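Trainee: Make the full structure from the sequences, and use the hints.
Chains as they are written, first to last, in this note's numbering: chain Y, 62 to 172; chain E, 54 to 167.
Calculated directly from the structure, the hints in this document are not laboratory data. Incorrect hints may have been included.
Here are the in silico distance ranges between beta carbons for each label pair [claimed, not checked]:
#: 1; chain 1: E; residue 1: Asp156; chain 2: Y; residue 2: Ala140; range: 26 to 34 Å
#: 2; chain 1: Y; residue 1: Gly122; chain 2: E; residue 2: Gly65; range: 12 to 20 Å
#: 3; chain 1: Y; residue 1: Leu139; chain 2: E; residue 2: Ser153; range: 31 to 39 Å
#: 4; chain 1: E; residue 1: Leu120; chain 2: Y; residue 2: His150; range: 33 to 41 Å
#: 5; chain 1: E; residue 1: Ile55; chain 2: Y; residue 2: Gly122; range: 13 to 21 Å
#: 6; chain 1: Y; residue 1: Gly122; chain 2: E; residue 2: Met54; range: 14 to 22 Å
#: 7; chain 1: E; residue 1: Gly116; chain 2: Y; residue 2: Arg146; range: 34 to 42 Å
#: 8; chain 1: E; residue 1: Ser153; chain 2: Y; residue 2: Ala140; range: 27 to 35 Å
#: 9; chain 1: Y; residue 1: Met62; chain 2: E; residue 2: Ser152; range: 41 to 49 Å
#: 10; chain 1: E; residue 1: Met154; chain 2: Y; residue 2: Leu135; range: 31 to 39 Å
#: 11; chain 1: E; residue 1: Leu120; chain 2: Y; residue 2: Gly93; range: 35 to 43 Å
#: 12; chain 1: Y; residue 1: Arg146; chain 2: E; residue 2: Phe130; range: 18 to 26 Å
#: 13; chain 1: Y; residue 1: Gly152; chain 2: E; residue 2: Ser152; range: 13 to 21 Å
Listed next, the in silico SDA-like pairs over lysine to any residue satisfying Cα-Cα at most 25 Å (straight line) [unchecked claim]:
#: 14; chain 1: E; residue 1: Lys96; chain 2: Y; residue 2: Ala140
#: 15; chain 1: E; residue 1: Lys96; chain 2: E; residue 2: Leu72
#: 16; chain 1: E; residue 1: Lys96; chain 2: Y; residue 2: Ile90
#: 17; chain 1: E; residue 1: Lys96; chain 2: Y; residue 2: Val142
#: 18; chain 1: Y; residue 1: Lys153; chain 2: Y; residue 2: Gly93
#: 19; chain 1: E; residue 1: Lys150; chain 2: Y; residue 2: Arg146
#: 20; chain 1: E; residue 1: Lys150; chain 2: Y; residue 2: Leu149
#: 21; chain 1: E; residue 1: Lys96; chain 2: Y; residue 2: Ile131
#: 22; chain 1: E; residue 1: Lys150; chain 2: Y; residue 2: His150
#: 23; chain 1: E; residue 1: Lys96; chain 2: Y; residue 2: Ala143
#: 24; chain 1: E; residue 1: Lys96; chain 2: Y; residue 2: Ile92
#: 25; chain 1: E; residue 1: Lys96; chain 2: E; residue 2: Met154
#: 26; chain 1: E; residue 1: Lys96; chain 2: E; residue 2: Leu84
#: 27; chain 1: Y; residue 1: Lys153; chain 2: Y; residue 2: Asp98
Quantities reported herein were computed from a predicted structural model and do not represent experimental measurements. Positions of the beta carbon are idealized from the N, C-alpha and C atoms, including for glycine.
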Amino acid sequence: MSGSEFLSLAATISLGVLTFAFLLTTIRIVIGRTLPDRVLALDLLVAIGIAYIAVGAISTGYFLYLDIAISLGLVGFLATVAFARFILHRGKTNREYEVKESDKAKEETAK
Amino acid sequence: MIVQILQYIAGGLILIGSLFSLLAAVGILRLPDLYTRMHAVSKAGTMGAGLMFIAIAVVSFEGAVILRALAGFVFLFLTMPVSAHLLARSSLMAGYKPSSMTDIKDLDVNELEE
Numbered sequence: 062m063s064g065s066e067f068l069s070l071a072a073t074i075s076l077g078v079l080t081f082a083f084l085l086t087t088i089r090i091v092i093g094r095t096l097p098d099r100v101l102a103l104d105l106l107v108a109i110g111i112a113y114i115a116v117g118a119i120s121t122g123y124f125l126y127l128d129i130a131i132s133l134g135l136v137g138f139l140a141t142v143a144f145a146r147f148i149l150h151r152g153k154t155n156r157e158y159e160v161k162e163s164d165k166a167k168e169e170t171a172k
Numbered sequence: 054m055i056v057q058i059l060q061y062i063a064g065g066l067i068l069i070g071s072l073f074s075l076l077a078a079v080g081i082l083r084l085p086d087l088y089t090r091m092h093a094v095s096k097a098g099t100m101g102a103g104l105m106f107i108a109i110a111v112v113s114f115e116g117a118v119i120l121r122a123l124a125g126f127v128f129l130f131l132t133m134p135v136s137a138h139l140l141a142r143s144s145l146m147a148g149y150k151p152s153s154m155t156d157i158k159d160l161d162v163n164e165l166e167e
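Mentor: Listed below in structure tokens is the structure:
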């Protein structure tokens, strides 16, 4: 197997793995339970998106995509900072603090 | 010959990077609370995206592209842990408690509730 064949095979496999990671992160965003959980999952989603764009740049050969990846990283960082300030000023809401039955059972076994 | 070797290295790097991203996603799904999930995002997630930038720098053979890829790598490694730490700090200040399995010696969690 030549180098370029191996590279395109690796790009295909890693796109599949990244898709699976994207799916798992989306499940966390949907079930969430609290707002900071969702913000953290969105942060990871941006990181996986950067990885997607980088693999796309390698497999197509258009290295101009690199600039898009860097600017997506900038936007994701600013979004997370803004959400962190929002969480700090909003405080927690009571609705998010219903302790689940399974967590109570875990506490009992821990004691 | 050297091109072939560099292409093999880049292929290995993007495979390892995608596995790191998958580990981060499994961690964010399986770990018990926000503060432990932050480990998965700020370490494994950063490494996953950063290795892709290194792979571009290895395979591109252009000075400008290599410089931009390394700049993106450094930028990612500076910003991702900072944003995770900022989010952890503000959610702790807002009153989101850690999981009951967490054992904190230096911080009294009950003091945070006002």
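Trainee: None of the hints should be skipped; say for each whether it holds.
Mentor: Hints and how they fare:
no.	hint	in the structure
1	E:Asp156 x Y:Ala140: 26 to 34 Å	32 Å, holds
2	Y:Gly122 x E:Gly65: 12 to 20 Å	19 Å, holds
3	Y:Leu139 x E:Ser153: 31 to 39 Å	34 Å, holds
4	E:Leu120 x Y:His150: 33 to 41 Å	39 Å, holds
5	E:Ile55 x Y:Gly122: 13 to 21 Å	18 Å, holds
6	Y:Gly122 x E:Met54: 14 to 22 Å	21 Å, holds
7	E:Gly116 x Y:Arg146: 34 to 42 Å	39 Å, holds
8	E:Ser153 x Y:Ala140: 27 to 35 Å	31 Å, holds
9	Y:Met62 x E:Ser152: 41 to 49 Å	47 Å, holds
10	E:Met154 x Y:Leu135: 31 to 39 Å	36 Å, holds
11	E:Leu120 x Y:Gly93: 35 to 43 Å	39 Å, holds
12	Y:Arg146 x E:Phe130: 18 to 26 Å	23 Å, holds
13	Y:Gly152 x E:Ser152: 13 to 21 Å	20 Å, holds
14	E:Lys96 x Y:Ala140	19 Å, holds
15	E:Lys96 x E:Leu72	13 Å, holds
16	E:Lys96 x Y:Ile90	19 Å, holds
17	E:Lys96 x Y:Val142	18 Å, holds
18	Y:Lys153 x Y:Gly93	14 Å, holds
19	E:Lys150 x Y:Arg146	18 Å, holds
20	E:Lys150 x Y:Leu149	14 Å, holds
21	E:Lys96 x Y:Ile131	18 Å, holds
22	E:Lys150 x Y:His150	17 Å, holds
23	E:Lys96 x Y:Ala143	21 Å, holds
24	E:Lys96 x Y:Ile92	23 Å, holds
25	E:Lys96 x E:Met154	21 Å, holds
26	E:Lys96 x E:Leu84	14 Å, holds
27	Y:Lys153 x Y:Asp98	13 Å, holds
Hint compliance for this structure: every hint is met.
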